[in-house]
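Participant: So the protein lines, in turn, are chains C and F.
Residue 153 in our numbering is what sits at position 153 of the first sequence, and the numbering runs on without skipping anything.
Residue 8 in our numbering is what sits at position 8 of the second sequence, and the numbering runs on without skipping anything.
No lab work stands behind these hints: they were computed from the structure.
Treat the hints loosely; a few may be bogus.
[What the hints assert, rightly or not] Simulated coverage check for chain F against chain C, where a stretch passes if three residues somewhere in it have a Cβ under 8 Å from a Cβ of chain C:
#: 1; region: 79–92
#: 2; region: 97–103
#: 3; region: 204–216
Note that the structure is predicted; figures quoted are calculated from it, not measured.
Note that beta-carbon positions come from the ideal geometry of N, C-alpha and C, so glycine has one too.
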Amino acid sequence: MNRRRHRRLAAFKAVVYVVLGLFFLLPIAAMVEFATRGVGISSPRTLTAFTSIGSDPELVDAITASLELAVITSLGMLALLLPTMIWIRLRVPQMVRPVELVCLTPLTIPAIVLVVGFAPIYNWIEINVSDSILMLALAYLVLVLPYCYRALDAGLSAVDIRTLSEAARSLGASWATVMWRIIVPNMSSAVSNACLLCVAVVLGEFTVANLLNFENLQVAISILGTGNASVSIALAVVSLVFVFFFLLLLSFLGRALSRRRGGAARA
Amino acid sequence: MGALDARPIGASWGGSRSAAEVRLEGLRRVYGSTTALDGLDITIHAGELVALLGPSGCGKTTALRLVAGLEDADGGRVVIDGRDVTHLPTSRRDSGMVFQAYSLFPHMTARENVAFGLRMRKVGVAERRQRAGEMLELVGLSTQADRYAHQLSGGQQQRVALARALAIRPSVLLLDEPLSALDARVRSQLRDEIRRVQREVGITTLFVTHDQEEALAIADRVGVMRAGRLEQLGPPTSIYSQPATPFVAEFVGLTNRLAGVVTGGAVDVRGIRLPLIATDTPDGPAVALVRPEAVSLAPALDGFNGPLSGTVIAVSFLGAVSRLTIDLGDTTVLVQVPTAEAAAHPGGSRVRIALRLDPVLITREGAQGRG
Chain C
1 MNRRRHRRLA AFKAVVYVVL GLFFLLPIAA MVEFATRGVG ISSPRTLTAF TSIGSDPELV
61 DAITASLELA VITSLGMLAL LLPTMIWIRL RVPQMVRPVE LVCLTPLTIP AIVLVVGFAP
121 IYNWIEINVS DSILMLALAY LVLVLPYCYR ALDAGLSAVD IRTLSEAARS LGASWATVMW
181 RIIVPNMSSA VSNACLLCVA VVLGEFTVAN LLNFENLQVA ISILGTGNAS VSIALAVVSL
241 VFVFFFLLLL SFLGRALSRR RGGAARA
Chain F
1 MGALDARPIG ASWGGSRSAA EVRLEGLRRV YGSTTALDGL DITIHAGELV ALLGPSGCGK
61 TTALRLVAGL EDADGGRVVI DGRDVTHLPT SRRDSGMVFQ AYSLFPHMTA RENVAFGLRM
121 RKVGVAERRQ RAGEMLELVG LSTQADRYAH QLSGGQQQRV ALARALAIRP SVLLLDEPLS
181 ALDARVRSQL RDEIRRVQRE VGITTLFVTH DQEEALAIAD RVGVMRAGRL EQLGPPTSIY
241 SQPATPFVAE FVGLTNRLAG VVTGGAVDVR GIRLPLIATD TPDGPAVALV RPEAVSLAPA
301 LDGFNGPLSG TVIAVSFLGA VSRLTIDLGD TTVLVQVPTA EAAAHPGGSR VRIALRLDPV
361 LITREGAQGR G
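Let the sequences and hints guide you as you build the complete structure.
Facilitator: Here it is as structure tokens:
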């Protein structure tokens, strides 16, 4: 009976894998198929759509901008959230709930509504500060808040930050030392998770950039799609694959880091 | 013990190595509407180990945290080595602390943990390494120096925590129930270990615990606390044999409550006249508090059915001694006798009890029913 159950479970697993695999891979396969079609019915398969990605200067700019935005947003998010969250937990625990509420709010507001609020601010920024696309990082900081808050929150609750900080304080550590030398090293996997989510959100963002008239990666793909469908689809495939490997690399790095530090996450 | 050589007060780093006196003067701490500490006065002599004992919520941990500077006093002073530190932040208090929860920094090895306090004091790498090594040796963990917390057992982690607290040569060592997360055997081992190290280093120590056995075994003096106040402070023997209040008597050790009547400075309990610890007690009904080991047993005489005879209803074997529960009809009494003697009185047998004529403490609580 045990064996039968085991077999049934294995079969169920296989079915889940196949269905999920098809769900994810079929569209991508279809995209690849479409992007490699030649002109005309009987012409041979061609990679021109893919090769032309690198030769479009506007596209290269958009890709660079998106990557830069991902980095800036990640750093900004860490600089903003990490000290705030640790500080609140240690010193003003009654503020944990209100801050959580504020951080999760962007999740409940549709991007299009957010843009309505952003638009006048960006008008002002464009005139008084800069019209660079990198200014989008400010808006993205708001967008990634809920995801990163959740990731960091999980890391913080896995560590007994109260006891660790009190131990460090009694040994003569300042608050800054407690934060950067004691708490942050023990939540490195949560930090890398937060960065991962941040990068994923920024690289996939379309609505805000489009409505604020900035050309990031996703906007570029969509503009391209109106003129040259196969290049746009090729770019979509490339960006999917790129993001996939990028995230894989990040999570791998995060895990290697926490292992080197003595498996703090497991202890 | 090169690590423990005496350093003059105000040496280049860390505190003095010559033991410091710690004074708590009228310490008050209020959380909202509850008063956690209500004017606590204790002087811990240089090199002494004082254990604060009490039920949870009695304020003992609060007192320790006030000494450490982890909480702010609402009144009173903390004086360490003649210096008022009441308003100094924790990081400048010069106190070493061991916590109840495992508190080793998980991303550092045992050695790095021990050296952390020295790093904060800008001690050079070589000296740091050497002192950390010495401290780990002191707690018997030299061979585990390069292990991370998760590779150490609970007892080892607490020993590293002790080494870490001592490495900075603090003027006072604060132990916040450091043993309560450990299992029984490791607990008593580590208890003796802490005492040995404390004596070797000669450091003034405040030890907080809710475990009376622990407090009695380890301390030079025990302070029993209740509701934010000190009930009694004294050597373990006097806490046990001359409790100052009924609360101390009942909290420390097991106690029988036997109804009786006070007349002329003694109390009559079941026909036996016991002297009182406080001889100026006014007459009237009272409850005498009698230790189980102050009660002895004899086989019941045939037909004897006085107030001192009863039936054994339970026997618990505790090793060298056994504890018997005797049903006297209107009440039950715990009796502690050598195990060999207990064998003569199996469950169900009739026995006669006798009370040793030690001075006893009385309480008026629950004494209305008689007299």
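Participant: I'd like to know which numbered hints this structure contradicts. Please list them from smallest to largest.
Facilitator: 3
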